[in-house]
Amino acid sequence: MQQDKIFADHVSVAYEKDDESLLAVDDVTLSIQEGEFVVIVGPSGCGKTTFMNTLAGLVKPIRGKVFMDGKQITGPSAERGVVFQQFALFPWKTVFENVEFGLKYRGIPKDERREIVRKYIRMVKLEGFENSFPHELSGGMKQRVAIARVYANMPQILLMDEPFGALDAQTRTIMQEDLSEMFMMEKRTVVFITHSVDEAIYLGDRVIIMTARPGKFKKIINVTADCLIPNRRNLGYDDVVNLKAFRDLKRELWGLIKAEIVEKRIL
Amino acid sequence: MSMKAFGPQFLERIYREKVVLSLSSVLGFIFCWYLITDVLGLIPALFLPSPEKVFFTIYEKIFIPVGQSTLFGHVGVSLLRILVGTTIALCLAIPLGILMGWYEDLDSVMTPIIEVLRPIPPIAWIPLAILWFGIGLGSKVFIIGIGVFFPTLINTYMGVKFVDPILIKAAQTLGAKDKDVLREVILPASVPLIVAGIRIGIGLGMMCLVAAEMVAASSGLGFLIMLGGDNLKPELSITGMILIGIMGLLADTLILAVEKKVVYWKKESQNG
Ligand SMILES: Nc1ncnc2c1ncn2[C@@H]1O[C@H](COP(=O)(O)OP(=O)(O)O)[C@@H](O)[C@H]1O
Ligand SMILES: [Mg+2]
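Protein chains in written order, with numbering that gives the first Met the number 0: chain W, 0 to 266; chain S, 0 to 271.
Bound-form chain W, shown alone (with noise of 0.2 Å):
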């Protein structure tokens, strides 16, 4: 049998504010196999983040364990790359000492670091701006610095927030299909966080929706598994989006969703 990649067994956390403790994820069980792309989609303040941090190792769970490979996880490691929603980059460093980064903590000697920086530059559509400092790119280019940054990286798992949360619609949907590319060509395991349905509908082959807080996962959807969108990877955004199987699929998930919000008033 296959081992599962990331593997949370019954996953609470809690965050401790003003002598109370806030339940942020509640008892969540979820495996995730090599090479699959999970996007999970639920209402904002849900505990999206705060899952994603476990799996990271940057917030440990007050009841369950997370594992990967079968190892549990205890801490943050190079293995789990995360792209963050606020950009995360290190405004004194340029595009490519950004880049960089996480390649000398491997051990990989300078003259490779160099080839392998040029070429995730070059994946993200960013040559000719090695030299820059964060300050000078726009929200787009920052957030293809940071995703160059984890690639490079070669992290087994690639966690990303809500990456293209604060981007403009039309950069958004260029990132979007970026990214699905780059998912083809360098097949890793993804997490990504949304609370766009759209957007989880298009790049996820399995798509979690969560209740509102605490989050629990509510259903979960085989986009690719069950082939409810074929050929979907081929096509561009506004081909998907346009396509019938797409809006059926949306309809069904922002029901779920909207459900949450009015039911727990939230809004």
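Among the hints, a few may not be true.
To list a few chain W residues with every Cβ distance to chain S over 10 Å, as calculated [to be verified]:
#: 1; residue: SER76
#: 2; residue: GLN85
#: 3; residue: LEU88
Label-pair ranges, simulated between beta-carbon atoms [what the hints assert, rightly or not]:
#: 4; chain 1: S; residue 1: ASP251; chain 2: W; residue 2: ASP18; range: 54 to 62 Å
#: 5; chain 1: W; residue 1: LYS16; chain 2: S; residue 2: GLY137; range: 48 to 56 Å
#: 6; chain 1: S; residue 1: GLY75; chain 2: W; residue 2: LYS124; range: 53 to 61 Å
#: 7; chain 1: S; residue 1: THR69; chain 2: W; residue 2: GLN85; range: 58 to 66 Å
#: 8; chain 1: W; residue 1: ASP110; chain 2: S; residue 2: VAL257; range: 30 to 38 Å
#: 9; chain 1: W; residue 1: MET183; chain 2: S; residue 2: ASP104; range: 49 to 57 Å
#: 10; chain 1: S; residue 1: LYS266; chain 2: W; residue 2: GLY235; range: 28 to 36 Å
#: 11; chain 1: S; residue 1: TYR263; chain 2: W; residue 2: GLU126; range: 22 to 30 Å
#: 12; chain 1: S; residue 1: TRP32; chain 2: W; residue 2: GLN85; range: 51 to 59 Å
#: 13; chain 1: W; residue 1: HIS9; chain 2: S; residue 2: ILE165; range: 50 to 58 Å
Simulated from the structure, these hints should not be mistaken for laboratory data.
Don't be surprised by glycine CBs; every beta carbon is placed ideally from N, CA and C.
Here the structure of chain W is known, so what remains is to put chain S with the ligands in place on it, guided by the hints.
Just chain S with the ligands now, with coordinates in the frame of chain W:
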């Protein structure tokens, strides 16, 4: 970078206009001073000497010693004191601030002591400083050092403490260990606050310098200022004050230039 869009000529013009304005404001100030002393005679020379008398005093004291040395001698002594005091204070405050920000235990041990010592005005240390270090270089360096030390320490500590946690998380998930995070993230991220702290510190250090020299010294600009008062020669006091002012201005300009160099990565708007 975006400023390039305006073209160098445009920038140059703005700059020139600024310089012209600043220059005219200084000249205007001196002119008013001239007006109320020499022309209108509103204030007796014993209270406020005229500008040309002050300038003549400055010129004269370059060649004729006051006390033990000429004007440059006094400037040199003050400069030496502030340099030594500042250097020692920075060498202690910056590492201590970084360590306190990084190691919580050290923070808990040091904070109570620092919180008690910090509100004491540096000049309150003058009697003890003289007792411990005599009236030579040592006591002045000590007083100036105290002035520079606390603002630098506090800012460095804050700089380390308030590094955006997302940057630390990013580094950790890219494989950086604790020591790498300290070197590659914490230190560079806290540079802007450290430099700001040094700037405040040196400003305070200059005040401490003058205070220390006024109480216990036979040289330095503070001594000149005091001597002018004792001998009813306000032009001598004003000479000392002007030179202190110029020294402060130069120090500030220098630090701002350094800041621009090391904080190149902040948005222009944030840079002031
Ligand atoms: N560091 C924290 N301390 C206290 N509460 C937090 C913290 N981070 C998140 N929370 C709370 O936990 C809940 C889930 O947050 P989060 O995981 O960020 O949600 P999402 O990413 O789905 O918007 C929210 O109610 C939020 O206010
Ligand atoms: Mg979030």
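Going down the list of hints, with the structure as the test:
For W:SER76, the shortest C-beta to C-beta distance to chain S comes to about 7 Å, within the 10 Å cut-off, and the non-interface label is violated. A beta-carbon of chain S comes within 10 Å of the beta-carbon of W:GLN85; the shortest separation is about 6 Å. Annotated as non-interface, W:LEU88 brings its C-beta within 10 Å of a C-beta of chain S; the closest such distance is 8 Å. Checked against the hint of 54 to 62 Å, the pair S:ASP251 and W:ASP18 fails, with Cβ atoms roughly 47 Å apart.
Separated by about 52 Å at the C-beta atoms, W:LYS16 and S:GLY137 satisfy the suggested range of 48 to 56 Å. Between S:GLY75 and W:LYS124 the C-beta distance comes to about 59 Å, which sits within the given range of 53 to 61 Å. With their beta carbons about 59 Å apart, S:THR69 and W:GLN85 fall inside the hinted range of 58 to 66 Å. With their beta carbons about 34 Å apart, W:ASP110 and S:VAL257 fall inside the hinted range of 30 to 38 Å.
Separated by about 50 Å at the C-beta atoms, W:MET183 and S:ASP104 satisfy the suggested range of 49 to 57 Å. Between S:LYS266 and W:GLY235 the Cβ separation comes to about 35 Å, which falls inside the hinted range of 28 to 36 Å. At roughly 23 Å, the beta carbons of S:TYR263 and W:GLU126 sit within the given window of 22 to 30 Å. For S:TRP32 and W:GLN85, the hinted distance range of 51 to 59 Å is satisfied, since their beta carbons lie about 54 Å from each other.
The hinted window of 50 to 58 Å between W:HIS9 and S:ILE165 is violated, with their beta carbons roughly 28 Å apart.
Checked against the numbered hints given earlier, the structure breaks hints 1, 2, 3, 4 and 13 and satisfies all the rest.
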